[in-house]
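Novice: Using the sequences plus the hints, can you model the full thing?
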Amino acid sequence: MPSPVKKRKLNNGTKPGLSEPKGLEYFFSKQKKSDIHTEIPVDDGEPSGISTQLTDEELARKLQAEFDREVTRETWSGSQSETGAKEDRSNLSSQGPELHEKPKSVTSPALIQQEEAARSTAGKPDTILTLQSTGTAEDILTSSLPLDESPLSFEPSKYIPQLVQAWSSLDGHASYGLLTRCFVLVGATTSRIKIVDTLVNCLRLLIEGDPSSLLPAVWLATNSISPPYKSLELGLGGSAISKALRKVCGLDNRTLKAIYDKHGDAGDVAFEAKKKQSFTLRKPKPLTIKDVYQSLTKIATTQGQGSNEAKQRIVDRMLQDARGGEESRFIVRTLCQHLRIGAVKTTMLIALSRAFLLSRPPGADFQLQPTSELAKLKKEELAEVWSRPEELVKACFAKRPNYNDIIPVLLEIGVTEELLVRCGLTLHIPLRPMLGSITRDLSEMLTKLQGRDFACEFKYDGQRAQVHCDEKGTVSIFSRHLELMTEKYPDLVELVPTIRGSGVSSFIMEGEVVAIDRESGDLKNFQTLTNRARKDVAIGSIKIDVCFFAFDLMYLNGQPLLDRPFRERRELLRSLFIEVPHRFTWVRSLDATSGDSENVLEFFKSATESKCEGIMVKILDNLSVPDVLCAGDAEVRLAADGEKLLLPKSRSKSKKSNIAAAATGEGEEKRVKGRRKALLATYEPDKRLDAWLKVKKDYNSCFETLDLIPVAGWHGQGRKAKWWSPILLAVRNEESGMLEVVCKCISGFTDAFYKANKEFYDDGKVSGECKNTRTLKPSYVEYTGPGPDVWFEPQEVWETAFADITLSPTYRAAIGLVSDERGLSLRFPRFLKRREDKGIDEASTNEFLARLWRKQEARATTDGQTKVEADDDIDEE
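Read left to right, the sequence shown gives residues 1 to 877 (UniProt numbering).
There is no bait here: all hints are sound.
Mimicking DSBU-like on lysine-lysine, the simulated pairs with C-alpha atoms at most 35 Å apart in a straight line are:
(1) LYS472 / LYS535
(2) LYS298 / LYS535
(3) LYS298 / LYS194
(4) LYS158 / LYS394
(5) LYS722 / LYS755
(6) LYS833 / LYS771
(7) LYS394 / LYS765
(8) LYS290 / LYS262
(9) LYS158 / LYS285
(10) LYS687 / LYS833
(11) LYS838 / LYS855
(12) LYS275 / LYS765
(13) LYS722 / LYS777
(14) LYS694 / LYS855
(15) LYS290 / LYS243
Each pair of labels, with its calculated beta carbon distance range:
(16) GLY235 / THR682: 37 to 47 Å
(17) ASP545 / GLU842: 38 to 48 Å
(18) PRO786 / LEU232: 18 to 28 Å
(19) SER819 / THR426: 42 to 52 Å
(20) LYS755 / ARG518: 43 to 53 Å
(21) ASP365 / LEU776: 50 to 60 Å
(22) ASN599 / SER150: 47 to 57 Å
(23) GLY558 / SER169: 47 to 57 Å
(24) VAL421 / GLN369: 19 to 29 Å
(25) GLY172 / PHE753: 48 to 58 Å
(26) GLN559 / ARG834: 51 to 61 Å
By construction, these hints were calculated from the structure, which means they are not laboratory data. We treat Cβ as the ideally placed atom computed from N, Cα and C, and that holds for glycine.
Specialist: Now the structure itself:
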């Protein structure tokens, strides 16, 4: 039998008999199946046309020679890598006859396309096309950094020389592996102290080793690329990431789906897919922090024809260049804009303040705190040292929430008082709004504000807005989430010049945008406002009119008013601006004290009758000394027309009478001893304080409750990151058997409940075993909103209270029963208890929900008629 070598065919265009021709991909796939990872360079500088003149044997020998030359140029790290390389070369040699036996024209379209793609993405002319082993490629230097040490014992100087040397091949920029190492450690702990320490140490390495990478690192760690008001969106769908994983890792749809079904998280899928990848067709270039951030920015700014293809190429290249599974995991999570590392905005601000207390960039001369001295302090003393810098950085970010403004100043002057001056309140940059604390009812509110003058204001059912206007008349409007919505309200922009009184040049005003009937002035609900277009709104096409109800003034004629008491800010607002009926006015308000309980109750009733959510209560003036503590469990009885408000339960019978006496002003000597921080009447951006209290419609004002089925949940934020919060709840559709989602619930849960609920619905991320959960949406659940992190196996019934029922464009519950286009949703849902006595087949139905909505609408109509008749009677009298 003749040797197979003698039957070798040349690539001369002749037909190879009856057998089907085999290409290089055939042989490479055979090598892949036998787990032989071979690196075969092809000189990228040689024109691809030359390869068409080579036989398979000549091509193989050429590739082998290029491979050997490349190996001699590289320094292999570790004996395993060296041994693996020798094995790969010996295996390649042993397969020579088999490789020569198969005819192939190397001008296959797939290979040429891949070679051209590699050349187009190469940064240097000598970059080569490579079949490179990637299964074990990692950034070994950064993967061993002890970033989770205490910042007081961590010494950046020990590691920076090695890091800078390694980064020299990356143009001196910090590798993405450093940030990945930080993410891995932060994601592996639930300890807030450990998370902050890890971030501090990572930031210190960047401050001292590569200050230019600090800003992009902060953006990436906070899971964003720009402040909210810049509206830079990646515009990537899941298909782009899936396509990149299939292409880069060589997986088919079935394999990729199997991995996703098992893990359920796109980042985990990328991690597993990268481990299965055995080679790349282009030698990866290590990613830097700047590379990743600039790639994301380019994705967000790419528009026009061919933009999808351009974005896809960027995603492909990032995944190709990712070293190891962890970098791939966090690249994909960043693309999905869901890092899941438990580090929120506040954590980053704390980490920045501490990092700049301990480190400074080369060339800076601001003062540092010596770690040797800090290490000697007690825990309470150390907390005192940290507190002031933390407050400074938080205050600056609250007034100017843009890392692009704050980080450069920190690199220059550190955390000093000058930071407040250089990063203060600025026109056309929204400040983070002040928030109100939630109270259970009017009794609790009056107890908290006992002895203080306060203002009650209607809490309108609209959209909170912040209006900026400069000396030139340029207007910007921002939402409470700092999103720019100037285009949504051109009628308000046009109105601003007419409301400025004489002497007003620039201002920042806050208020509520509410849908309104222009003729009658009747208020409409928030759902009506949502029907208004969001972009490119022409004034002539507006069908839903709005009125701006102003309630605060934070900036006037170049001067911030944040430190002025609320009474003074309100007086300036009402005296310097001009009211325009049904278009611009001030919120309806009532000044009172805790002794005016009946007036407050009547005002609250009028707010709810006017289709408002409730009332806001705000301290009018500052006090020079802290006021005496009054317990929040005091029983305050308010009666009007024989009606009593539901009162919070007292903790004990004996304590009840004492606190009640204190709340009513009797028995001063029996007041609970203690002091609390004075309630300030100043405007405190990004803080939720008792100086502002929110009293919404009492949950008990609705006599009905619903028995709902929990069907899905999200990972919580901050302290709740390890639990499910919020949770999707659904009603039953008896006819179709579907579960129709009606709302997200985030209220009424205790920490003990959260913990038990997480154990019952376990996604297996920590325990390794899934329990009562699934990764894909069940076919019997009707829901079209943003996808949750986990789906529950429906098997429980939860009794849920709510304020009222509204038509919803998102939730599909009872669609077709009350509206052909919208379903029903619950306002302010609150969990009451598990219904152990009910199965899911006994949960509330969509028809029952629809009946409650009709009853609510009928009651609202009746109340409206009664109010009109009463007004008529008054007129007659």
